[in-house]
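As a plain string of letters, each chain reads:
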Amino acid sequence: MSERKLQQITIRANGVSKKYGDSVEADFVLEDVKLEIRQGEFFILLGPSGCGKSTLLNMMAGFVEPTRGDIFVHDQPVRRPGPDRGMVFQHPDASLFPWLNVRQNVEFGLKMKHMKREERRLISNRFLDMVGLSEHETKFPHELSGGMKQRLQLARVLANDPEILLMDEPFGALDAQTRSVMQAELVRIWLHTNKTVAFVTHDLNEAILLGQKIGVMSRSPSAHIEAVYHVDLPYPRDATSTEFVELYKDIASHFNVTGRSDGVQVGAFPPSLTKLGGLP
Amino acid sequence: MTTAIRALFKWILERGILSWLAVLVIWELVALGYHNADLFPSPVQTFDGAIRLWSNGALLKDIGISSLRILAGWLLGTLVGIPLGLIIGTSQVLRHMIEPFINFFRFIPAIAFVTVFMMWFGIGEGFKVALITYTTLFIVALNTMMGVVRVDEEKIRASMCLGATRFQIFLYVIVPATVPFMVNGMRLAMGNSFAAIVGAEMLAAQQGVGYLIWTSRLYFQTDWIFVGLFVLGLMGFVADRLITVLSRVFLKRYGVMDGATAEMRL
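Heads up: the protein sequence lines correspond to chains G and C, in order. First residue of the first sequence? That's 1 in our numbering, and the numbers climb one at a time after it. First residue of the second sequence? That's 1 in our numbering, and the numbers climb one at a time after it.
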């Protein structure tokens, strides 16, 4: 614990609020969000659909401006997107460049920096290898499977060497098997590259498999980070271990117990996730 | 052997040869019903007319001159229309300023401008090329603009995260993402160019397929009119195939698709 305290704070939000539209009556999607993500940390933003967790991530990226307050990266307020913060989007078809082949996609950021061809090649080789796409370098995105497309997104971002990885439900659209392979791969790559990761998901199981810290968000309107859980389990994690299950129950109950005055059941995770097992 | 025959039959079917044969039969039957070559020449009579026009070189000359006029105007219109569409699509201020005008002028068919264009650009080739440039310009610009507006927000955001500058985003993301829309606009514009050139050649020309169709009427050479109509269809078909095949070969990676992508029509 004391060790972690020494780590520098990379991302900080103190009282960030967001609403869309200017009208006074418009609800705040996010209100008074407080958050600290330390250097090299794997931080999960967990919450039900529509709670504003992607909005929060988009504000970290600089795509969306907070209505009140600021998000700070190394004590500098985020004003615009930058190469220090790489984003892996949920939908690869919308974010990959279909007219570039796999290697050219990975080299995009390097080319924007006017890096020489040979240098680009060395770097793209390394990351294509890391995500296991070396044999597919001349293919175009539409020739890849969903999992491969997400590997490509990851490689494209990593090749640009950002300090922070922002990931917006990147495995949400994958089938269960591919998803669990990708989760294991991501942990391996993260341990290897030591990036700071902010990862958005609504999947509690995924949150505990991946995160060192889990920021549990309340439901919108006026969503905020209700609690932060520390996950001190070693990687790779075993979803059937007692500690895992205990933590799962803890966080899930946290969602279910948070009753709402209007009687709506909170914590509506996909039913499949209430069953444990079958995952590595 | 049977597989070869089946393959041949499939080939014939796919090329639309059967449908063309059907058209010829129906044409022949209608012509028989009229029984008057001045009113409705049969396929054979039309073919004879085509042979006559071909043998003295008139037909080839008309085809050549019309094609050159279309090509010149269409290329010019494309060269202006693509940058215009890119600029209008990229700048919201410009879009709000220019879009109403585009949506106003695109309802004025090129042919309505014949008289003023003749005064401005001269009675020779100038006004004909100008007419086609005009009609091409709007369709290409409008389609290109639509393409720019429809570029996925995620692609732009991704490139910002990868350190691209505004100009780099324009050049390396917006332009390539818009290519299918440009080609689509060019294909549609080709159709309108034919309409414009035939109109212009009927009203003021000494050569060209439109002129052929118009003057043949004076001599009651209905078979020549039919030849002109057939040639127009053939020219359009060839032009469209050329655009499709060329863009499939050279622009495949930009996702240019065959047919069925037509979205903006004039």
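Calculated directly from the structure, the hints in this document are not laboratory data. Glycine included, C-beta positions come from ideal geometry on N, C-alpha and C. A few of these clues could be false.
[Stated by the list, open to error] Just some of the chain C residues that point at chain G, by a computed CB distance under 10 Å:
no., residue
1, 10
2, 31
3, 83
4, 153
5, 176
6, 179
Here is what the structure says about each hint:
A cut of 10 Å between beta carbons decides the hint on residue 10 (chain C): the least distance to chain G is about 28 Å, and the hint is violated. Taken as an interface hint, residue 31 (chain C) does not check out: its beta carbon lies about 50 Å from the nearest beta carbon of chain G, beyond 10 Å. A hinted interface residue such as residue 83 (chain C) counts as satisfied when its beta carbon comes closer than 10 Å to some beta carbon of chain G; here the least separation is about 19 Å, so the hint is violated. Checking residue 153 (chain C) against chain G: minimum C-beta separation of about 8 Å stays under 10 Å; hint holds.
For the restraint placing residue 176 (chain C) at the interface with chain G, the shortest Cβ-Cβ distance is roughly 5 Å, inside the 10 Å limit, so the hint holds. The beta carbon of residue 179 (chain C) comes within 8 Å of a beta carbon in chain G, closer than 10 Å, and the hint placing it at the interface holds.
Hint compliance for this structure: hints 1, 2 and 3 are not met, and every other hint is.
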